[in-house]
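So you can see what is in the structure, the chains are spelled out below.
2 protein chains.
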Amino acid sequence: MPMTDAELADLYRDYIACLNRRDWPALAQFVSHDVMHNGRPLGLSGYRAMLEKDVEAVPDLNFNVEMMTCDPPNVAARLAFDCTPTGEFQGLAVNGKQVKFTETVFYEISDRRITTVWSAIDKAAIEAQL
Amino acid sequence: MPMTDAELADLYRDYIACLNRRDWPALAQFVSHDVMHNGRPLGLSGYRAMLEKDVEAVPDLNFNVEMMTCDPPNVAARLAFDCTPTGEFQGLAVNGKQVKFTETVFYEISDRRITTVWSAIDKAAIEAQL
Numbered sequence: 004m005p006m007t008d009a010e011l012a013d014l015y016r017d018y019i020a021c022l023n024r025r026d027w028p029a030l031a032q033f034v035s036h037d038v039m040h041n042g043r044p045l046g047l048s049g050y051r052a053m054l055e056k057d058v059e060a061v062p063d064l065n066f067n068v069e070m071m072t073c074d075p076p077n078v079a080a081r082l083a084f085d086c087t088p089t090g091e092f093q094g095l096a097v098n099g100k101q102v103k104f105t106e107t108v109f110y111e112i113s114d115r116r117i118t119t120v121w122s123a124i125d126k127a128a129i130e131a132q133l
Numbered sequence: 004m005p006m007t008d009a010e011l012a013d014l015y016r017d018y019i020a021c022l023n024r025r026d027w028p029a030l031a032q033f034v035s036h037d038v039m040h041n042g043r044p045l046g047l048s049g050y051r052a053m054l055e056k057d058v059e060a061v062p063d064l065n066f067n068v069e070m071m072t073c074d075p076p077n078v079a080a081r082l083a084f085d086c087t088p089t090g091e092f093q094g095l096a097v098n099g100k101q102v103k104f105t106e107t108v109f110y111e112i113s114d115r116r117i118t119t120v121w122s123a124i125d126k127a128a129i130e131a132q133l
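If you're matching them up, the sequences are chains A and B in order. Residue numbers for the first sequence follow our numbering, so the first one is 4 and each next one is one higher. Residue numbers for the second sequence follow our numbering, so the first one is 4 and each next one is one higher.
If we strip away everything but chain A, and leave its shape as in the complex, we get (with noise of 0.2 Å):
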């Protein structure tokens, strides 16, 4: 039976509080074995490694949703970060400065789980900031 908009909302704000919670044995509950991201097939634990090492780069990184549209099957965010990149990001050197910025994402969702993500950072923001 197909998600409604409400349903698919409420999953979709349970996953961005798993990623917010760090919780990485949840991800299963939320992300497809099979998850492709930007074209890649990167595969729960693919997916899990990447999330791992964003955290490791941005130990303060909080998944914000600024925007949400849910037509399901497919959920489109604008994700607002605000946040503290140690080191380099995105290619750039951020080293330790707080930047603003947004990231948008539309996922494809399939018997209740992310299986397709296509994301795009607003890198030129960042480094507007730096």
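Heads up, a few of these hints could be off.
Chain copies aren't distinguished; within one or between two, either way the pair holds.
Okay, derived cross-link-like pairs now, SDA-like style, lysine to any residue, Cα gap no bigger than 20 Å in a straight line [claimed, not checked]:
| id | residue 1 | residue 2 |
| --- | --- | --- |
| 1 | Lys103 | Ile124 |
| 2 | Lys103 | His40 |
| 3 | Lys103 | Ser122 |
| 4 | Lys56 | Ile129 |
| 5 | Lys103 | Arg43 |
| 6 | Lys56 | Trp27 |
| 7 | Lys100 | Asp17 |
| 8 | Lys56 | Pro76 |
| 9 | Lys56 | Arg25 |
| 10 | Lys56 | Ala96 |
In case anyone wonders, no lab produced these hints; they're calculated from the structure. Just so it is clear, the structure is predicted and the values come from calculations on it, not from any experiment.
Put chain B on the given structure of chain A with help from the hints.
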């Protein structure tokens, strides 16, 4: 009466077709006189000026809707571009090279017109092609 998902999708596709045929006089059918773009109060005339400048810098600019989610009153879209900026573009010396990149955009629609736009271009993708 609020628009349905399907009506919103039709409206958005008509807006994109308007851009692709450079039909600036028709822009007022889709864009509010008070439109905000990335937090700036551009208004319809400023919005049109921005588009005209984009098309001058990128004569073969074509808006291609790769993904769209409609969740009234919001639309989110991932636009794909495959084009040839003649000179500088997004602060980068593209100078006639063909580049592919995406833009993700969130819109708010009120009274059948776009009132708010949040847009981010994947500048990193362009840089990687230069």
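Each hint, compared with the structure:
1. Lys103 to Ile124: both (11 Å within a copy, 16 Å between copies)
2. Lys103 to His40: between (23 Å within a copy, 18 Å between copies)
3. Lys103 to Ser122: both (17 Å within a copy, 15 Å between copies)
4. Lys56 to Ile129: within (19 Å within a copy, 24 Å between copies)
5. Lys103 to Arg43: between (27 Å within a copy, 17 Å between copies)
6. Lys56 to Trp27: Intra 12 Å, inter 46 Å, cutoff 20 Å: intra-copy only.
7. Lys100 to Asp17: Answer is neither; intra-copy 29 Å and inter-copy 43 Å both fail.
8. Lys56 to Pro76: neither (28 Å within a copy, 36 Å between copies)
9. Lys56 to Arg25: within (12 Å within a copy, 44 Å between copies)
10. Lys56 to Ala96: within (16 Å within a copy, 32 Å between copies)
Consistency note: the structure conflicts with the earlier hints numbered 7 and 8.
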